[in-house]
Structures are given as C-alpha cells and as structure tokens.
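*Asks:* Could you build the full structure based on these sequences and the hints that come with them?
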Amino acid sequence: MEAESKIHPLAIVHENAKIGKNVEIGPFAVIGENVEIDDGTRVEPHAVITGWTKIGKDCVIFPGASIGAEPQDLKFVGEKSYVYIGDRTKVREYATIHRACGAEEETRIGNDCLLMAYTHVAHNAMIGNNVIMANNASVAGHVIVEDRAVLGGFAGVHQFVKIGRNAMVGGFSKLVQDVVPYTIVDGRPANVCGLNSVGIARAGISVSSRKAIKQAYKILYRSGLKLAQAISVIEQEVDSCAEVEHFLRFLRNADRGICRENHEGNN
Numbered sequence: 001m002e003a004e005s006k007i008h009p010l011a012i013v014h015e016n017a018k019i020g021k022n023v024e025i026g027p028f029a030v031i032g033e034n035v036e037i038d039d040g041t042r043v044e045p046h047a048v049i050t051g052w053t054k055i056g057k058d059c060v061i062f063p064g065a066s067i068g069a070e071p072q073d074l075k076f077v078g079e080k081s082y083v084y085i086g087d088r089t090k091v092r093e094y095a096t097i098h099r100a101c102g103a104e105e106e107t108r109i110g111n112d113c114l115l116m117a118y119t120h121v122a123h124n125a126m127i128g129n130n131v132i133m134a135n136n137a138s139v140a141g142h143v144i145v146e147d148r149a150v151l152g153g154f155a156g157v158h159q160f161v162k163i164g165r166n167a168m169v170g171g172f173s174k175l176v177q178d179v180v181p182y183t184i185v186d187g188r189p190a191n192v193c194g195l196n197s198v199g200i201a202r203a204g205i206s207v208s209s210r211k212a213i214k215q216a217y218k219i220l221y222r223s224g225l226k227l228a229q230a231i232s233v234i235e236q237e238v239d240s241c242a243e244v245e246h247f248l249r250f251l252r253n254a255d256r257g258i259c260r261e262n263h264e265g266n267n
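Going letter by letter, the sequence shown gives residues 1 to 267 in this note's numbering.
Among the hints, erroneous ones may be present.
PhoX-like, lysine-lysine: derived pairs with alpha carbons at most 25 Å apart [as the list claims (entries may be wrong)]: (1) LYS6 / LYS18; (2) LYS18 / LYS75; (3) LYS80 / LYS18; (4) LYS6 / LYS21; (5) LYS54 / LYS80; (6) LYS57 / LYS21; (7) LYS54 / LYS75; (8) LYS90 / LYS6; (9) LYS90 / LYS75; (10) LYS174 / LYS211; (11) LYS21 / LYS54; (12) LYS75 / LYS6; (13) LYS6 / LYS54; (14) LYS226 / LYS174; (15) LYS6 / LYS57; (16) LYS90 / LYS18; (17) LYS214 / LYS226; (18) LYS18 / LYS54; (19) LYS90 / LYS21; (20) LYS21 / LYS75.
Derived CB-CB ranges, DEER-like [what the hints assert, rightly or not]: (21) GLU245 / SER197: 13 to 21 Å; (22) PRO63 / GLU235: 46 to 54 Å; (23) ALA103 / ALA203: 34 to 42 Å; (24) SER240 / ILE12: 22 to 30 Å; (25) GLY257 / VAL77: 39 to 47 Å; (26) VAL233 / GLY171: 30 to 38 Å; (27) GLU79 / ALA203: 35 to 43 Å; (28) ARG222 / ASN22: 50 to 58 Å; (29) VAL176 / GLY224: 47 to 55 Å; (30) ALA103 / GLY224: 43 to 51 Å; (31) ARG188 / SER208: 33 to 41 Å; (32) ARG188 / GLU237: 29 to 37 Å; (33) GLN229 / PRO45: 54 to 62 Å.
If you're looking for bench data, these hints aren't it; they were derived computationally from the structure. Positions of the beta carbon are idealized from the N, C-alpha and C atoms, including for glycine.
*Replies:* Right, here's the structure in full:
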C-alpha cells in the first residue's frame, strides 16, 4: 500500500489488496484480498468492497455501499468473476454492485457515473459513461445502459434489456423492452413519451444531427411502418451522421423489441 494513502486504523484492508496513491479509506470499511483501488479514490465508513473488483481514479464510495459481492443468481457456483468501475464515478449510500455470473465474466460501470442511494447493478450488467441512476433504480442481470442515459428513482429494468444513449427513464418505470437512444420513456410497462430533446442538446450534439435524430424518430414512431421497414426508410431518407448510425445499429440489435410510443402528438 502506498505511503501517501490515508487508511483509518479501524478499516479492515487485506494485506494483498492493491491501494493506489492518495486513497482515503474510512473507519469500518472492509477491503478484500483481490480488490484494486486506483489513485485518489475515497472509500467512506462501512463500505464493503470484495471479490475481484477494480475501482478507477478519483471515485467516491459512500457509507454502506457494497461492491463485488456474489451475484444473486442460482447458477453461480463460486467462479472467479469481476467488477470494474471507471474513473470519477460516485456510488452513494447502500448501493449494491454485484460481480458477474460465469467464469471470467464481468460487471462493468464506466467513467463519471452517479449511482444514487440504494441503487442496484446486477451481475453481468454493462453501464456506460456519464450514466445517472436515481435513488432505488435497479438493473437486472445482463442489462446494458449506454452513455449519458438517466434512470429515474425506483425504475426497474428486466434482465437483458438495453437502454440507449441519451435516453431518459421516468421514475417507477417498468422496463421489459429496449429503450431506443435519445428517447424518454415512462410507465408500467414503459412507453415512449417523445424525444429527450433537452438531454440531446446538453450532450453537445449538433443542430444538424438533432434534426436528423428527430426525422428518424418520426419515421420509426409516426409512420405506421413495422420496425424492419422503418429501418430501411431511415437508411434511405435521413442524412447520415454518427448519431443516426448509432440509432440504426441499436434498432437492428433490439432483440427484446423496443418500447413503443404512448400516444400520438409528442414532439
């Protein structure tokens, strides 16, 4: 362990744990044998980090958080699996992040995320960069959440569901199908309410790309076409840009089907 780190004498840190420079570990925190914590990260009192877990630089793990515990999956038989958390991510009070099910598999959370109190990230989930999960939001096993998505409080996400880039999920929503990038969804089960225009603008997406996204959205949700037909029309009629290409890739890989629009006339 680096001399520059500040480890409280009442913390329990395994001698084989790898602790970087300027790491702070508070009283009664527990750090397991196979844990790696990179420079500048702060682990607050009573947090538990175990399993084969690697946490990046300048993260904050708040009191009571549990990271790297065994997955809540009956198929799990004690195999070696991982949790990876990127840089500058904050994990708030009593959040739980479980390691993967399956030998050498991983649960991964990106950079600059905020997981608020009591959130849950299940085994094999993949959370992108700049994702916000509000209080008590939960994602089940194998869920994918792309960059800059926002999940409202108490949202529940079914296993294997994908949530697209810059999407926003309303509080208490029940997600059983994929959420198309750049959209807002809400309800039980969740339906599309419109484009996440504010989130798209804040993400720095250009005006021309935003117009193309809106055109693609209208073809998908307002034309009455089936999904495969809508994809074909978007390919032919909408100007290509990185955002539209991502939109199309997502639709082609929406194995669970997509959330449909709640009613006509939005955006």
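*Asks:* Hints first: check each against the structure and report whether it holds.
*Replies:* Status of each hint after checking the structure:
For the suggested pair LYS6 and LYS18, the alpha carbons sit about 14 Å apart, so the restraint of at most 25 Å is met. The straight-line distance between the Cα atoms of LYS18 and LYS75 is roughly 30 Å, outside the 25 Å bound, and the hint therefore fails. Proximity of LYS80 to LYS18 is assessed by CA-CA distance (about 18 Å); at most 25 Å being required, the pair is judged to hold. Under the criterion of a C-alpha separation no larger than 25 Å, the hint pairing LYS6 with LYS21 is consistent with the structure, at around 9 Å.
A distance of roughly 14 Å separates the Cα atoms of LYS54 and LYS80; the hinted pair therefore holds under the 25 Å criterion. Proximity of LYS57 to LYS21 is assessed by CA-CA distance (about 10 Å); at most 25 Å being required, the pair is judged to hold. Straight-line distance between C-alpha atoms of LYS54 and LYS75 comes to about 23 Å, which keeps the hinted pair within the 25 Å bound. Restraint check: the Cα-Cα separation between LYS90 and LYS6 comes to about 19 Å, which is no more than 25 Å; the hinted pair holds.
The suggested pairing of LYS90 with LYS75 is violated, with an alpha-carbon distance near 30 Å, which exceeds 25 Å. For the given pair, LYS174 sits about 29 Å from LYS211 by alpha-carbon distance, which is inconsistent with the 25 Å threshold. This hinted pair checks out: LYS21 and LYS54 have alpha carbons roughly 15 Å apart, not beyond 25 Å. Only pairs whose Cα atoms come within 25 Å are accepted, and LYS75 paired with LYS6 is rejected, the gap being roughly 39 Å.
For the hint pairing LYS6 with LYS54, the CA-to-CA distance comes to about 19 Å; that is within 25 Å, so the pair holds. Pair hint LYS226 plus LYS174 holds up; C-alpha atoms about 24 Å apart against a cutoff of 25 Å. With a C-alpha separation of about 15 Å, the suggested pairing of LYS6 with LYS57 holds against the 25 Å cut-off. Proposed proximity of LYS90 and LYS18 is supported: the alpha carbons are some 20 Å apart, at most 25 Å.
Between the alpha carbons of LYS214 and LYS226 the distance comes to roughly 18 Å, so the proposed pair stays at or under 25 Å and holds. Only pairs whose Cα atoms come within 25 Å are accepted, and LYS18 paired with LYS54 is accepted, the gap being roughly 9 Å. Using a Cα cut-off of 25 Å, the hinted pair LYS90 and LYS21 holds, with the two alpha carbons roughly 18 Å apart. Restraint check for LYS21 and LYS75: the C-alpha separation of about 38 Å exceeds 25 Å, so the hint is violated.
Checking the proposed 13 to 21 Å range against GLU245 and SER197 shows it holds: the Cβ atoms sit about 20 Å from each other. For PRO63 paired with GLU235, a C-beta distance near 50 Å keeps the hint of 46 to 54 Å intact. Checking the proposed 34 to 42 Å range against ALA103 and ALA203 shows it holds: the Cβ atoms sit about 37 Å from each other. One distance hint, 22 to 30 Å for the beta-carbon pair SER240 and ILE12, is violated here, with the actual separation near 55 Å.
Distance hint check: the CB atoms of GLY257 and VAL77 are about 32 Å apart, inconsistent with the given range 39 to 47 Å. One distance hint, 30 to 38 Å for the beta-carbon pair VAL233 and GLY171, holds here, with the actual separation near 34 Å. Range check, GLU79 to ALA203: about 38 Å between beta-carbon atoms, so the 35 to 43 Å window is met. The beta-carbon spacing between ARG222 and ASN22, approximately 53 Å, falls within the hinted interval of 50 to 58 Å.
Our hint of 47 to 55 Å for VAL176 and GLY224 is violated, since their Cβ atoms are close to 23 Å apart. With their beta carbons about 47 Å apart, ALA103 and GLY224 fall inside the hinted range of 43 to 51 Å. Remark: the range hint 33 to 41 Å for ARG188 to SER208 is upheld by a beta-carbon distance near 36 Å. Look at ARG188 against GLU237: about 34 Å separates their beta carbons, and that is inside 29 to 37 Å.
About 56 Å separates the C-beta atoms of GLN229 and PRO45, a value consistent with the hinted range of 54 to 62 Å.
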